[in-house]
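Listed below are the residues making up each chain.
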Amino acid sequence: MTAIPTLALSIGWGTTLAIKTLIILAIIPLGALILGYVFLLKMMSHMQSRLGPMDPGGFHGWYQLVGDGLKFLQKEDIMPAQSDRRVFAAAPAVVVLSTFLVFLVIPVGPDLVDKSLNVGVFYALAVSSLSVIGVLMAGWASANKYALLGALRAAAQLIAYELPLLLAVVGVVIQAGTLSLQGIVLSQQHGAIFGFGGLGQPFILTQFFGFALFLVAAQAELTQTPFDMPVAESELVAGYMVEYTGFRFLFFFIGEFGTAFGFAAIAATLFLGGWALPGVHGTWADILGPGVLFIKLMAVAFLMFWVRFTYPRLREDQLQALAWKVLIPLGLANILLTGVFKVAF
Amino acid sequence: MTEFYRQYLSVAVLIGAAALMFGAMLGAGRLLRPNRPQPEKFITYEAGSDPVGGWGQSNVRYYVYALLFVMFDVEAVFIFPWAVNLKSLGVYGLIEMAVFIIVLTLGLVYAWRKGVLRWA
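Protein chains in written order, with the numbering used here: chain A, 27 to 371; chain B, 72 to 191.
None of these hints come from the bench; they were simulated from the model.
One or more hints might be untrue.
Stated by the list, open to error - Among the chain B residues that face chain A by a calculated CB cut under 10 Å, a handful are:
id: 1; residue: ARG77
id: 2; residue: ILE86
id: 3; residue: MET92
id: 4; residue: GLY100
id: 5; residue: ASN106
id: 6; residue: SER120
id: 7; residue: SER129
id: 8; residue: PHE143
id: 9; residue: ASP144
id: 10; residue: ASN156
id: 11; residue: MET168
id: 12; residue: ALA169
id: 13; residue: ILE173
id: 14; residue: THR176
id: 15; residue: LYS185
Cβ coordinates follow ideal geometry from the N, Cα and C atoms, glycine included.
Could you build the full structure based on these sequences and the hints that come with them?
So this is what it looks like as structure tokens:
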């Protein structure tokens with residue numbers, strides 16, 4: 027091979043682990059803030075003509091997010107007298123923890139997060155569904171009717187849409203022949219479009235169907251509109267979050283937007299080529315990789331939030347019917363088709 | 072320690088670090104926030120009116136969905152190793168999986184025809 031120096035320095039794995047852990051701890055609140063600021067406050071304000079978040083501070087209301095953060099800091103911590111206190115206190119942490127664990131396997135460069143779990147995408151899907159336990163804990167421990175209804179709806183929805191999400195990923199795994207997210211990125215980078223290998227081959231070209239399926243299922247997993255029955259504020263006053271205040275409520279917020287960040291990053295890695303940019307190799311890929319991945323994931327997140335701000339809410343029975351009668355059969359058909367193509371060519 | 076254990080150790084370390092961070096955030100919040108307890112604040116929220124009863128009950132209508140979910144989730148566990156090795160399994164593996172998926176789809180169709188996929 028060529029003598030390009032790489033960033034694969036021989037630092038001990040303990041140091042690597044410490045650095046990686048700290049970066050993950052920093053990136054999730056940051057990612058949640060970025061998505062909250064860019065999409066929830068600014069894009070939503072423009073799309074729905076909301077004037078409030080555009081007002082405080084000078085340019086485009088930049089002060090709004092700071093103000094919201096300060097507000098959460100000084101809220102009193104209230105636990106309802108009837109609640110199951112320990113479960114009530116632990117529930118938000120469980121929800122955010124599942125978000126943190128997802129980020130462990132997302133590669134941002136050829137040598138960064140290289141030693142991730144070789145079951146990569148399988149692990150990411152498994153830990154991302156841990157949040158349903160936190161949601162059920164929150165709803166049950168609140169001793170509140172709205173919270174319980176919201177949590178039960180959330181559980182029904184999360185398990186129903188977990189399956190299309192898994193099935194959409196299987197198509198990519200068949201094409202790449204590996205579960206490791208790093209391996210999936212590399213196989214896209216080394217792929218070829220009709221024999222032309224200069225651009226690699228992002229799986230969105232062959233798995234466009236899987237990409238659409240993944241986005242719909244991810245939208246439901248995030249309980250974003252049009253799938254926000256569990257947190258429908260007009261009928262359930264925010265569902266399982268109704269009794270939470272201050273920091274514990276902020277945890278749910280970080281969990282929601284951090285998971286949106288994580289799902290967007292996974293979608294960008296699986297279908298858009300992750301950190302890879304055509305013609306960039308070696309150390310440059312390590313340096314540019316995080317930026318490239320960030321741009322790709324913001325593009326995916328834009329799609330998610332665009333849908334969120336555009337469509338009205340589905341009814342609960344429509345929501346279940348969509349998962350079981352449309353998405354799951356389509357996902358199974360996608361797997362068989364992809365398998366036939368893989369074996370035939 | 073082998074690479075395999077190191078990979079899973081990183082999961083454990085991350086869980087520990089995240090727990091520390093939650094503790095630090097809640098601790099900082101405790102120092103910053105006011106604390107003026109009044110009995111009215113601890114009443115269960117019911118849109119402003121006095122709550123009726125305490126712990127609510129709800130009819131879990133979707134236990135059939137949960138059963139179906141377990142069926143398909145186990146299927147997914149079988150599909151992933153197959154998907155990784157499809158190239159080496161070839162036509163044989165493809166036909167095997169087609170049979171497996173068709174049997175499961177029959178199960179779904181049965182549930183559908185029985186009317187349990189109706190949220191009533």
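Verification of the supplied hints:
| no. | hint | verdict |
| --- | --- | --- |
| 1 | ARG77 | 6 Å, holds |
| 2 | ILE86 | 7 Å, holds |
| 3 | MET92 | 5 Å, holds |
| 4 | GLY100 | 4 Å, holds |
| 5 | ASN106 | 6 Å, holds |
| 6 | SER120 | 12 Å, violated |
| 7 | SER129 | 5 Å, holds |
| 8 | PHE143 | 5 Å, holds |
| 9 | ASP144 | 7 Å, holds |
| 10 | ASN156 | 8 Å, holds |
| 11 | MET168 | 6 Å, holds |
| 12 | ALA169 | 6 Å, holds |
| 13 | ILE173 | 9 Å, holds |
| 14 | THR176 | 6 Å, holds |
| 15 | LYS185 | 13 Å, violated |
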